[in-house]
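Participant: Chains as they are written, first to last, in the working numbering: chain A, 1 to 331; chain B, 332 to 676.
Bear in mind the hints are in silico, worked out from the structure with no lab data behind them. Hints are supplied without guarantee of correctness; some may be wrong.
Said to hold, decoys possible - Computed far set for chain A versus chain B, every beta-carbon distance over 10 Å:
1) L70
2) I217
3) D324
Said to hold, decoys possible - Computed beta-carbon distance windows for the label pairs:
4) A:W64 with B:T534: 46 to 52 Å
5) B:T366 with A:G214: 19 to 25 Å
6) B:K476 with A:A187: 45 to 51 Å
7) A:W64 with B:K476: 32 to 38 Å
Heads up, the beta-carbon is just placed ideally off N, CA and C, and yes, glycines get one too.
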Amino acid sequence: MPDKTTVTPSSVAGAGPGQTGSGVDVSAPSVAAASELASMGGVNKPRSLGQDAWRELRARPMFWTAGILLVVLILMAAFPFLFTGADPGHADLRNHYLGDPQWTHLFQEDWFGYNKQGQSVWARTVYGARASVIIGICVTFAVTVLGGFLGMIAGYFGGWWDALLSRLTDIFFGIPLLLGALVLLQAFTHRTVWTVVLGLTVFGWMQIARVMRGAVITQKQADFVTAARALGAGNGRILLKHILPNAIGPVIVVATIALAGYISTEATLSYLGIGLQPPAISWGVDIASAKDVLRDAPHVLLVPSTFLSLTVLAFILLGDAVRDALDPKLR
Amino acid sequence: MTTTEKTAAVSAPRTPEAAGSPLLQVRDLHVEFHTRDGVVKAVNGVNYSVSAGETLAVLGESGSGKSVTAQAIMGILDMPPAKIPQGEILFRGEDMLKMTVEQRRRVRGAKIAMIFQDALSSLNPVLSVGYQLGEMFRVHQGLSKKDAKAKAIELMDKVKIPAAKNRVGDYPHQFSGGMRQRIMIAMALALEPDLIIADEPTTALDVTVQAQVMDLLAELQREYHMGLILITHDLGVVADVADKIAVMYAGRIVENAPVRELYKNPAHPYTRGLLDSIPRLDQKGQELYAIKGLPPNLLHVPSGCAFNPRCPMAQDVCRTDVPALAKVADGRGSACHFWKETLHG
Numbered sequence: 001m002p003d004k005t006t007v008t009p010s011s012v013a014g015a016g017p018g019q020t021g022s023g024v025d026v027s028a029p030s031v032a033a034a035s036e037l038a039s040m041g042g043v044n045k046p047r048s049l050g051q052d053a054w055r056e057l058r059a060r061p062m063f064w065t066a067g068i069l070l071v072v073l074i075l076m077a078a079f080p081f082l083f084t085g086a087d088p089g090h091a092d093l094r095n096h097y098l099g100d101p102q103w104t105h106l107f108q109e110d111w112f113g114y115n116k117q118g119q120s121v122w123a124r125t126v127y128g129a130r131a132s133v134i135i136g137i138c139v140t141f142a143v144t145v146l147g148g149f150l151g152m153i154a155g156y157f158g159g160w161w162d163a164l165l166s167r168l169t170d171i172f173f174g175i176p177l178l179l180g181a182l183v184l185l186q187a188f189t190h191r192t193v194w195t196v197v198l199g200l201t202v203f204g205w206m207q208i209a210r211v212m213r214g215a216v217i218t219q220k221q222a223d224f225v226t227a228a229r230a231l232g233a234g235n236g237r238i239l240l241k242h243i244l245p246n247a248i249g250p251v252i253v254v255a256t257i258a259l260a261g262y263i264s265t266e267a268t269l270s271y272l273g274i275g276l277q278p279p280a281i282s283w284g285v286d287i288a289s290a291k292d293v294l295r296d297a298p299h300v301l302l303v304p305s306t307f308l309s310l311t312v313l314a315f316i317l318l319g320d321a322v323r324d325a326l327d328p329k330l331r
Numbered sequence: 332m333t334t335t336e337k338t339a340a341v342s343a344p345r346t347p348e349a350a351g352s353p354l355l356q357v358r359d360l361h362v363e364f365h366t367r368d369g370v371v372k373a374v375n376g377v378n379y380s381v382s383a384g385e386t387l388a389v390l391g392e393s394g395s396g397k398s399v400t401a402q403a404i405m406g407i408l409d410m411p412p413a414k415i416p417q418g419e420i421l422f423r424g425e426d427m428l429k430m431t432v433e434q435r436r437r438v439r440g441a442k443i444a445m446i447f448q449d450a451l452s453s454l455n456p457v458l459s460v461g462y463q464l465g466e467m468f469r470v471h472q473g474l475s476k477k478d479a480k481a482k483a484i485e486l487m488d489k490v491k492i493p494a495a496k497n498r499v500g501d502y503p504h505q506f507s508g509g510m511r512q513r514i515m516i517a518m519a520l521a522l523e524p525d526l527i528i529a530d531e532p533t534t535a536l537d538v539t540v541q542a543q544v545m546d547l548l549a550e551l552q553r554e555y556h557m558g559l560i561l562i563t564h565d566l567g568v569v570a571d572v573a574d575k576i577a578v579m580y581a582g583r584i585v586e587n588a589p590v591r592e593l594y595k596n597p598a599h600p601y602t603r604g605l606l607d608s609i610p611r612l613d614q615k616g617q618e619l620y621a622i623k624g625l626p627p628n629l630l631h632v633p634s635g636c637a638f639n640p641r642c643p644m645a646q647d648v649c650r651t652d653v654p655a656l657a658k659v660a661d662g663r664g665s666a667c668h669f670w671k672e673t674l675h676g
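Could you put the whole structure together from the sequences, leaning on the hints where they help?
Facilitator: Below you can see the structure in the form of structure tokens.
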């Protein structure tokens, strides 16, 4: 088959007088035409919104920068032992403040030196990624589900539902995320990653709810919703199949950008001593313990904070790229 | 429906019994909208009926209440702000306004379907047309995804979309306007409803495509022996396909008549004005006729006959008394104090 197709151009180009008689040559162009049609069909294959967005994303350096950073980060969170052989909890006071980072010892235990307890700064930074990533992703997921649900109900049913839920949103909006989480988490004597997720979710869903409500109200008035209703679709189907796919775009964008905020809020909470507590390993915890020795051993502070900044940057870049891809008006 | 039944239905002549019990009867329907500025009476006592296999054209300017009546029949008015203070909508003798929400939902799409004006915005942009067509079967008949898709392809063939099999996964924006409207028609037809309401089905289309879509609609209507309510402001579209016409003005029917008689000899000054404002080829160079004035503001409908400020024949009585729909002939009525003069003038 491939042979025939490759032969064709020459046989067509050289539509020579001598070749017209051959039966093989007559059939060959039709085979080629058929395969050409098939490949055209492939090119014209319908693309969904998601596929369109993916094409758009692929063309952006910003997306790839963020993507590479995030892949490394997620690998770090999932398989920290790939990056360091050292135990982050292991403390050897002989290494107390052994400051000078050993720049030549790439990925070794003493690559970035040791902290006050004689623990490897590099190992602690690698293992600290997990808390940040879990909290960032889980809070974003929970907030999207909760805020999305409330926003959808408020936007679609309107009336009393809207009045009630929108006021609730307003009330929660009055409480700063950090302050709210601070007060709530203080009530827990034993705090884990999940406690922090809970605290951030309770005070973090409002923006998603508002965005979702607005998007649903816009889509609700679309003609295709009236059409779906006129053809007998019920509320559930209209909401989930017709409105939600059209309203989810802005929510995804807000959620991706907000993810970065949750990670830095977690670090802030841990720094203030209200988030994760030692012996839990987290960038916030490490930054907190490094602040007292800033002048003597700045590397103890700089390494985890650099990773924190890079992570936040990566998610913000990703959010920007996703927004550009999902919003055709910005193209 | 099996093939034999279908042929029987198609070949059966319209019996007087069938004509006597119409598919859909709208009786004294009132619809009002409660707005901040006051109560807008969009529909004021409309009566009409459609039988199986019959086409009723509802004609009127924007704001005449023709679409609102249709939405009331479909039950897709937003209530509030809309309100139906009185009236009946009888479908096969049963008042739909008294049905439960769930009963009405079952009627929509399955028994009465609607075709909308703008097919592009009436189709969901993020779902493939095959999915949206198949949805009809999945919602109403609980078919599997695969069977629904097969049915969708069948329907697309039915409305003459070329290469339906290859296009079933395409999205609405990948179709031309005419093809999109065909898909809307296919959706409406999916469950072989008894009645189709087409709300300006060809307004958004090119003139050349308009004729194709109307022909298709008329053909399918004959095939399925459906009732058709055609809402339009285009007198040209009406002439070919409609059996009878109801002309609406300011929420009332001002004239109803079989299509030929109305065109030949209108019995209401408004209808006459509409017919006179059709541009004619044999009068090139003359100024086009227009009915003077503007359609009434429904918040402040003129007293008496709503058309009186624009009517060339208006007398004092027109400014005080609302004319009732007078019987002009069998199956023909006109809501004008001077219908006789109009008819013969």
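Participant: Would you pick out the hints that fail for this structure and give their numbers low to high?
Facilitator: Structure breaks no hint.
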